[in-house]
Every structure is written in structure tokens, then in C-alpha cells.
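S.K.: If you want the building blocks of each chain, they are given just below.
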Amino acid sequence: SQWGEENLQALSIQEGEDVTMNCSYKTYTTVVQWYRQKSGKGPAQLILIRSNEREKRSGRLRATLDTSSQSSSLSITGTLATDTAVYFCATGGTNTGKLTFGDGTVLTVKP
Amino acid sequence: EAAVTQSPRNKVAVTGGKVTLSCNQTNNHNNMYWYRQDTGHGLRLIHYSYGAGSTEKGDIPDGYKASRPSQENFSLILELATPSQTSVYFCASGGDRGQSGNTLYFGEGSRLIVV
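Quick mapping for you: the protein sequence lines, in order, are chains A and B.
Residue numbers for the first sequence follow the numbering used here, beginning at 1 and rising by one.
Residue numbers for the second sequence follow the numbering used here, beginning at 112 and rising by one.
Among these hints, one or two may not hold up.
Straight-line distance between alpha carbons at most 35 Å, and here's what the computed DSBU-like set of lysine-lysine pairs gives [what the hints assert, rightly or not]:
#1 K129/B with K38/A
#2 K110/A with K41/A
#3 K41/A with K122/B
Derived from the structure by calculation, the hints contain no laboratory data.
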């Protein structure tokens, strides 16, 4: 999983498989965002989940948030080769607008 | 149509030289941010701004200055570039301070190599 002293994580799977990426954070937050960064591009937001939602879905994506354990997860069902990217969780953005990003998970989906 | 545009996209600078990275946004957002990304790590915040004329220090501001002359433009300035500043720099714009769940919109990055 991402965050804290952990380094960049890497996952390699076959197209069609499901995958879950985890993120734990240190500072209390009521919002977690997940971003995807494709090679040579800037990050782009995938999904935003608030503490009162616990789970949120968008297409093949499903995000969860557990504020009691300060953790979040992002699941992708039926992965495609085009899902190959680095996935970041990010917290913050409430009072100052600043986001703090985890180190990321490198996901490789083999066709 | 790219809403956050960075220039230059690639830059090689000499140690001790001055480097200016520029960012323009057409999102009409108040907030703008500069992050750096090093291999194997996430994004770290250098400077940010709440509007024209304002700049704030982020988590790693040493060796960097910022300038926000207008709503649309935000620059990152390295007065005396060092090899440790070799990195990929990302500019982003976002919503108002105090907005819950502030989504950031990123540019495509500026790759800087300091030799």
C-alpha cells in the first residue's frame, strides 16, 4: 500500500483480471482522491470519496474509505491494457486546497 | 483543449544558472500549485498560490521562488539551479481555498535536467 515510509509499489497482472490498490494516510481527512498518471502525462483525477460515502463507484472503478483505520482502496474490475499507469491516492484540500500525495502504485496490465 | 499548459516541456540548465518554468491555466481557478516528481516517488508540493499576487511555501520550498502575476499565470523560479533540482515539475490549478475536496487539474509536466 502507499504512504508513510513505504516506497513505490508495483503490480503486474493480466488483462481482464481485477485489482485492488490500497492507501493508508497519516493525517485525518474527510476526503480522499485517487489520481491516475499515464506515462509522460500529468496526473488526472479518477474518483473522489468523502467520509460519509464509505464506498463510491464510477464505471469499472470502486473506491472505499475507512476513516477509523485511515485507509482507502481503489479497485478496478476487468482491467484493460490501457489501465497501465501509476495510481496515487491524495488527501487534504479542505482548508488550504493543498493535496498530499502518496508514493503511488505502478500498475502494469499485460494484454 | 489543454486547460493547464506548461513551458518549456524540456529544459537542460547549467549549475548556477537561472531557470524559469511557466504555467498558464484557462480554468479560471483561484489556486495554482507547483509540484515536483522524482523517480519512484509521489508528488511533493513546492509553492502554491491563492490568487494573483499571492504565493505560499509548500513542503519543499528551499531553492525555489514563485510568482503569480495574474489569475492565469504562475511561474516557478530557480535562481541558482543545482543538480539536485533535476526532476519533473508539474503545475496544477484547483478550486477555492476552503472548498471540500479540491480537485487538481495538472499540466503535462516540465522535465528539467541540471548539469
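S.K.: If a hint holds in the structure, say so; if it doesn't, say that too.
M.R.: Quick rundown of the hints versus the structure:
no., hint, verdict
1, K129/B with K38/A, "holds (30 Å)"
2, K110/A with K41/A, "holds (20 Å)"
3, K41/A with K122/B, "holds (16 Å)"
Going down the numbered hints, you'll see the structure goes against none, and every one checks out.
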